[in-house]
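Assemble the complex: chain L is given as a structure, and chain P must be docked to it using the hints.
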Amino acid sequence: MKKLIMKTIVALGALATALPALAEDLTFWSWRQEDKAQYEKFIKAFEAKNPGITVKFETFEATNYNTILSTALAGGAGPDIMFARAYGGLENVANAGYLLPLDKTNVPALEKFAPAAVAAETVRSSKITYAVPFASQTMLVIYNKDIFDKNGLKEPETWDDLVKASEKLKAAGVMPFGNGTATAWQNEVMVGGIASTLMGKGFYDDLMAGKTDFTDKRYVGALAKLKEITKYFPDGFIGLDYASSQQLFASGMAGMFVGGSYELANFKKQNPKMNMGIFAMPGMKAGDEKLVAQYFDGGYAVNAKTTKKEAALKFVNFLASQEFGQMFADDLNNISAVPGVTFKDALLGEVAELNKHSIPYIMLVHFRFGEPSGSVLLQGEIQKLLSGKATPEEVGKNLTTGLAAWYAPFKK
Amino acid sequence: MPGSPLLARRLWITALIVPPLAFVALFVVYPIISAFAYAFFQWHGLARGEFVGFANFYKVLFTQPYADWTANAFLHNVLVFFALMVLQNGVGFLLAYCLWRELPGAAFHRVAVFLPVVLSTIIVGFLWKLFLHPLFGVVNISLRGTGLGGLAQPWLGQDTTALWALIIANAWHMVGFPTLVFLAGMQRIPGEILDAVRMETESEWVKISKVVWPLVAPSATVVFTLLFVGSFNWFELPYIMAGVDGSPHKATDVLGLYFYRTAFGDQSGSGQDFGAGSALAVLIFLFIAIVAGFITFRLRAREIQI
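Taken in order, these protein sequences are the chains called L and P. Using the numbering used here, the first residue of the first sequence is number 1, and each one after it goes up by one. Using the numbering used here, the first residue of the second sequence is number 1001, and each one after it goes up by one.
If we strip away everything but chain L, and leave its shape as in the complex, we get (with noise of 0.2 Å):
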């Protein structure tokens, strides 16, 4: 008798929760203008089995999205679903307690998501998840694949093997990388994608164990071999910003590109017949692990002032189910962080292979809770060392004094 009071109580009570949920029109605020066709592809798929629910996708410009948010929330007008930024970007919202934790009880799917994929949208020192994590990025190198076998190379295995095939493409007119480094931001990436299997995976080791800092041996030797594969990077590189850069790769004109998983749709939008493949930067010899840098994007919050918070948590749940995931693998063209996701396209495939050998994007990952953030510092130092303005030695100097401000274990 008990139970069935019980019984009733719950299903009256979920009842009650769902009878307001009839009807009810949900925001999405999102910095992916250039994926509005497909959001709203994935959202009819959500409406078609949650009648009464429905969903509004809007975008704002990437660079403004933090501002435009931060005052939304700021404000109370922020809408009930959100993307939210990983890491530093995340805390920065979260702290302000404008976002619903998550956890198990009301996002389930979260507990078989990667541990890493997780930790990115949980903040550190209160351990709560405030999103569920949509994609990984990967930093490694894209190569037209036309032009290599044209001039008969392979994916290199070895450093003398890059070497050699950037000396054989530039006597063949080719520019062998496409990359410039203006643009601030570029040259944390050329750290990722060409520094990871060089510093290795027992300096990340280190470095987290607080056994060592970024005047290690491996770290600056890693910045070393950087600055002189550089030789092969257009002429004025330091000059050319992003867009030209990657214009550069797009049209043909370079053979290999630095830079991040997110750069394949963008290439293949713009030239659909160039067969691209990816690699891993070699190290010195064959037999050394390669490496790439990885890290997870952003996630998907609830706003925790919002006053459907039923319909929200519905939402999400099903962003955070394997269906969304696959459709936003195969739609989008990004490595989804759903576990279990296959890949159509073959280039995802590899790079989610690739992602079985990586160390994280280490500056965004473990060092922008801070001012100076480590990304701050990395961008401009590398732009010293590209310009010859420091050495690498000094800018593991530099990185380690400048994060010393707030980073513990550098303290002295």
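In short, the hints are calculated from the structure, not lab data. From a predicted model like this one, the values you see are computed outputs, not experimental measurements. Don't take each hint at face value.
Listed below are the simulated DMTMM-like cross-link pairs for lysine to aspartate or glutamate, each with C-alpha atoms no more than 25 Å apart in a straight line [as the list claims (entries may be wrong)]:
no., chain 1, residue 1, chain 2, residue 2
1, L, Lys-305, P, Glu-1050
2, P, Lys-1059, L, Glu-371
3, L, Lys-384, L, Asp-216
4, L, Lys-225, P, Glu-1050
5, L, Lys-411, P, Asp-1068
6, L, Lys-49, L, Glu-61
7, L, Lys-49, L, Glu-393
8, L, Lys-412, P, Asp-1068
9, L, Lys-389, P, Asp-1159
10, L, Lys-211, L, Glu-371
11, L, Lys-227, P, Glu-1050
12, L, Lys-231, P, Asp-1159
13, L, Lys-384, P, Asp-1159
14, L, Lys-201, L, Asp-235
15, L, Lys-389, P, Asp-1068
16, L, Lys-397, P, Asp-1159
17, L, Lys-217, L, Asp-235
18, L, Lys-397, P, Glu-1050
19, L, Lys-225, L, Glu-155
20, L, Lys-384, P, Asp-1068
Only chain P this time, still in chain L's reference frame:
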């Protein structure tokens, strides 16, 4: 009713004054005052924390790394101001004099000089970014084409050239403005004075230094003050051409970019700090207001009424 036309007139005037006043109050006065208030609080992301007095000001002025960043950005603004004083106002004065003297082609050049001013800063920024492109830019191609390939540079990527590239782009964009103001000033000089001068001397230098320059003093007050305010509020052009980070390694960082980055964060690098950002905004505002007031006061004093 005797009072009603007057009342109607008053109502009419009120109706004209209130909307702009309300607009200014809402979008100018209120943000300035709120920035003042924000600067005295600690911020946890977007949530306002406790009152901290002058701690934010102390932070941006005296603690590292902010102190270095602030000084670096400020010195760049100072450089920009003096460089533009020569390249924009100085050249503008000479151009105005040439146009006023009706040198051959004056009608054409009057339009040509002023045309870039009409372009939006966004267009000018992207245009000059293309001009200065290391591979395909017209600047480097021209240098290579004339056998001066050794001078071709990655202009926007070197700390030695990047800020100057922005300054020149700005001067090209805006030189028409001081030219126009000076030209208007020169055209106001009465013919009798000029006739009197012509009887004394034929020297252009004497004419410029002893007659024209003192008599266009009101124009100079306007363009100097506006240039000062513009140089220290400089934001759009560096933002478009160098990015919010003041790339390369803060060689093009100016107070505007620095404030924006500090307050709102930089998507690819740092978090947001409304407290420090507001403190910077307040300091920039006070600096500009005080110095601009002083400049105006001093320059007004030397103006001659004709």
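Hint by hint, here is what the structure shows:
| no. | hint | result |
| --- | --- | --- |
| 1 | Lys-305/L - Glu-1050/P | holds (23 Å) |
| 2 | Lys-1059/P - Glu-371/L | holds (12 Å) |
| 3 | Lys-384/L - Asp-216/L | holds (19 Å) |
| 4 | Lys-225/L - Glu-1050/P | violated (48 Å) |
| 5 | Lys-411/L - Asp-1068/P | holds (20 Å) |
| 6 | Lys-49/L - Glu-61/L | violated (30 Å) |
| 7 | Lys-49/L - Glu-393/L | violated (58 Å) |
| 8 | Lys-412/L - Asp-1068/P | holds (22 Å) |
| 9 | Lys-389/L - Asp-1159/P | holds (9 Å) |
| 10 | Lys-211/L - Glu-371/L | holds (22 Å) |
| 11 | Lys-227/L - Glu-1050/P | violated (46 Å) |
| 12 | Lys-231/L - Asp-1159/P | holds (20 Å) |
| 13 | Lys-384/L - Asp-1159/P | holds (9 Å) |
| 14 | Lys-201/L - Asp-235/L | violated (33 Å) |
| 15 | Lys-389/L - Asp-1068/P | holds (18 Å) |
| 16 | Lys-397/L - Asp-1159/P | holds (21 Å) |
| 17 | Lys-217/L - Asp-235/L | violated (29 Å) |
| 18 | Lys-397/L - Glu-1050/P | violated (36 Å) |
| 19 | Lys-225/L - Glu-155/L | holds (18 Å) |
| 20 | Lys-384/L - Asp-1068/P | holds (17 Å) |
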